[in-house]
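Peer 1: The residues making up each chain are set out below.
Protein chains: 2
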Amino acid sequence: MSEMLSAWALTGMPEVRPGDDLTALIAEAVTRTAQPLRDGDILVVTSKIVSKAEGRVIAAADREDAITAETVRVVATRPRQDGGVTRIVQNRLGIVGAAAGVDASNTAEGTVLLLPLDPDASARRIAAGLRETTGAEVGVVISDTLGRPWRNGQTDVAIGAGGVHVFEDLLGRMDTTGRPLVVTQPCIADELAAAGDLVKGKVSGCPVAVVRGMGRFVGALDLPGAAAIIRAPEHDMFRLGADEAHREGYEAGFAAGRAAGEERH
Amino acid sequence: MSEMLSAWALTGMPEVRPGDDLTALIAEAVTRTAQPLRDGDILVVTSKIVSKAEGRVIAAADREDAITAETVRVVATRPRQDGGVTRIVQNRLGIVGAAAGVDASNTAEGTVLLLPLDPDASARRIAAGLRETTGAEVGVVISDTLGRPWRNGQTDVAIGAGGVHVFEDLLGRMDTTGRPLVVTQPCIADELAAAGDLVKGKVSGCPVAVVRGMGRFVGALDLPGAAAIIRAPEHDMFRLGADEAHREGYEAGFAAGRAAGEERH
Numbered sequence: 017m018s019e020m021l022s023a024w025a026l027t028g029m030p031e032v033r034p035g036d037d038l039t040a041l042i043a044e045a046v047t048r049t050a051q052p053l054r055d056g057d058i059l060v061v062t063s064k065i066v067s068k069a070e071g072r073v074i075a076a077a078d079r080e081d082a083i084t085a086e087t088v089r090v091v092a093t094r095p096r097q098d099g100g101v102t103r104i105v106q107n108r109l110g111i112v113g114a115a116a117g118v119d120a121s122n123t124a125e126g127t128v129l130l131l132p133l134d135p136d137a138s139a140r141r142i143a144a145g146l147r148e149t150t151g152a153e154v155g156v157v158i159s160d161t162l163g164r165p166w167r168n169g170q171t172d173v174a175i176g177a178g179g180v181h182v183f184e185d186l187l188g189r190m191d192t193t194g195r196p197l198v199v200t201q202p203c204i205a206d207e208l209a210a211a212g213d214l215v216k217g218k219v220s221g222c223p224v225a226v227v228r229g230m231g232r233f234v235g236a237l238d239l240p241g242a243a244a245i246i247r248a249p250e251h252d253m254f255r256l257g258a259d260e261a262h263r264e265g266y267e268a269g270f271a272a273g274r275a276a277g278e279e280r281h
Numbered sequence: 017m018s019e020m021l022s023a024w025a026l027t028g029m030p031e032v033r034p035g036d037d038l039t040a041l042i043a044e045a046v047t048r049t050a051q052p053l054r055d056g057d058i059l060v061v062t063s064k065i066v067s068k069a070e071g072r073v074i075a076a077a078d079r080e081d082a083i084t085a086e087t088v089r090v091v092a093t094r095p096r097q098d099g100g101v102t103r104i105v106q107n108r109l110g111i112v113g114a115a116a117g118v119d120a121s122n123t124a125e126g127t128v129l130l131l132p133l134d135p136d137a138s139a140r141r142i143a144a145g146l147r148e149t150t151g152a153e154v155g156v157v158i159s160d161t162l163g164r165p166w167r168n169g170q171t172d173v174a175i176g177a178g179g180v181h182v183f184e185d186l187l188g189r190m191d192t193t194g195r196p197l198v199v200t201q202p203c204i205a206d207e208l209a210a211a212g213d214l215v216k217g218k219v220s221g222c223p224v225a226v227v228r229g230m231g232r233f234v235g236a237l238d239l240p241g242a243a244a245i246i247r248a249p250e251h252d253m254f255r256l257g258a259d260e261a262h263r264e265g266y267e268a269g270f271a272a273g274r275a276a277g278e279e280r281h
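Chains as they are written, first to last, in the numbering used here: chain Z, 17 to 281; chain R, 17 to 281.
Everything labelled a hint here was simulated from the structure, so no lab data went into it. Accuracy of the hints is not assured; some may be wrong.
[Claimed, not checked] Which bits of chain Z does chain R cover? Going by a derived footprint, with three or more residues having C-beta under 8 angstroms, they are: (1) 19-25; (2) 60-71; (3) 130-144; (4) 203-214; (5) 252-259.
The C-beta atom is built at its ideal place from N, Cα and C for all residues, glycine as well.
Between the sequences and the hints, there should be enough to build the whole structure, so can you do that?
Peer 2: Here is the structure:
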C-alpha cells in the first residue's frame, strides 16, 4: 500500500466561548482520546470556533449591517425567495462568498458570527501552541463552508493555514521569479479542508478534524497562509456577476451611444 | 474516536489502453494488495483512465478543434502569455472549466484526451462491475481537476458518480442549537474527489484511490449522479465572464443610447 491518509473528528471538544484558549481546548481534547498528535498531523479547525474564541460574536439584529461592514466589494446580488437579497461579496480577507462569511448556524440564539480577524495568524498561533504543548510538528487549516459558481452545493475550503503548504507545487518547484513552474497547482489546503469536512460533518458537534499521513505538506510556521489562495480581482475573469457586469456595460454603452446619436444630427 | 476515514492510492494499476476493461483492471489491482474491498468503500477514479479505456483519444494537432467540438457555450476567454487563448467553457456534460476538459497531461506523445462520454454511466458501470466481482457494495466517483473563480490553484471534483450520494441531505436536519440547516448542502462527491487527490497526487502514476469509512454515503446504483451537481446557467450569477457580460451590455446599451440620441433631434 502507498501512503495512507486517515482522518477523524476530534471528540470531546467543549462549547467554545469568547476568550477561551482554543489551543488549550484542542490539546486537552486530544489527551482525552487514544490518539496523541504525531509529527505531520494536520488539524482542520472549523472557523466558527475560532471566531467564538476570538469573541467575533455580534447581535443577530445587526447581521445585515455586519455583512456591509465586512464587505470590501459587492460581486453579485440576487433577490431571494424569502424577500431578502443574497449578496456575494469580497470580504476584507479577500474571500469571495455569500454574506461575507457572517454565519448564523450553530451560534447562540440571537447572535451571529463574523469570520476571524486574521485566520492565517490564528492558524499559526494554534499550530505554534500545539507544537509547543504536544511536541508534535503539526499543521493547522482553518476551514469554512463556501458555495461556488457553476456547481450546486458547498464544500469546505481553507481560509487560514499555519505550518502547512497551501499548494503542492510550493514544495520547491518554483521558477526564478518565484512563480510555479507548472500550470497545475493543486490547492492542498482546500483539499485538506474538504477531507476534514467528511469526518466533521455539519451536525456532529465536532468542529476539529485530525488528518494524518499528509506530513509532506507540513512545514515551517512562516509558510504562506491561505491568503495566498485568494486571486486578485484584476486577474479574475469572474470578478463581477454577469448581471452586474452587463449593467455596467449597458450604462457605459448607452452614454457612448447617445453621444454618437446626437453627433449624427 | 468517531468514525474514521482512511484513503490510499491503489498501487499496481497498469497503463490503461483503449478497449481495456477498467473494472477488471481495478479488481485485479485490488486483489494484488493486502486490502480487499469492503462494503462502503468508495473508489475515486481519475477521469483520464476512464477516457483512455473508452478510447476518447485524439491527435494533439486536433486539440483546438476538439475543444470547440466539446463546447456548448463559451463562458469566458482570456489571451494567455504564450499567445494562445484560455477558454472557459461549458461542455456537453454541463461542466464549466478550462478547455472543455480536453487534457494533454499524462497522455501518450502527440495525443490528447476528451472527457468520458457519460461519466455517470461509466461510474455506475464500474461500481456495478466491482460489486459483482468483489461482492462488496462499493461506490465510484470519477474525478477531474478543475480551477475555480476567486481562488488560485485547482482541486479535484466529481464529474461522475455511481452508487454514491453526491450531496449530504441535510434537509430537515437541525444544527446543534436546534435550528434547521436548510441552506447547507455539502457536496460530498466533490469532497471525496478532493480527499482522493491527496493520496493519488498528480505524479504518482496511481489513478485510483480507495476511500474507506464513508459507507453512509454509499447507496443504490440508480442514485442521481454527478450531473446533479451542475447548476443550470439560468440559475448562475456567474454564467458569463465579467468582460463578456460587460461587452454584451455595452453593445445593447450603445444601440439603445444611439436610438435615444437620434430621437432627441
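Peer 1: Indicate, hint by hint, whether the structure satisfies it.
Peer 2: We went through each hint and held it up to the structure:
Check on the region 19-25 of chain Z: 7 of its residues sit with their Cβ under 8 angstroms from a Cβ of chain R, so the three-residue criterion for coverage holds. Counting residues of the region 60-71 of chain Z whose beta carbon lies closer than 8 angstroms to any beta carbon of chain R gives 0, which falls short of the minimum of three for the stated coverage. Requiring three or more residues with a Cβ within less than 8 angstroms of a Cβ of chain R, the coverage given for the region 130-144 of chain Z is violated, as only 0 such residues are present. Residues of the region 203-214 of chain Z lying with their CB closer than 8 angstroms to a CB of chain R number 9, which satisfies the three-residue condition for coverage.
For the region 252-259 of chain Z, the proposed coverage by chain R is satisfied: 8 residues have a C-beta within less than 8 angstroms of a C-beta in that chain, meeting the threshold of three.
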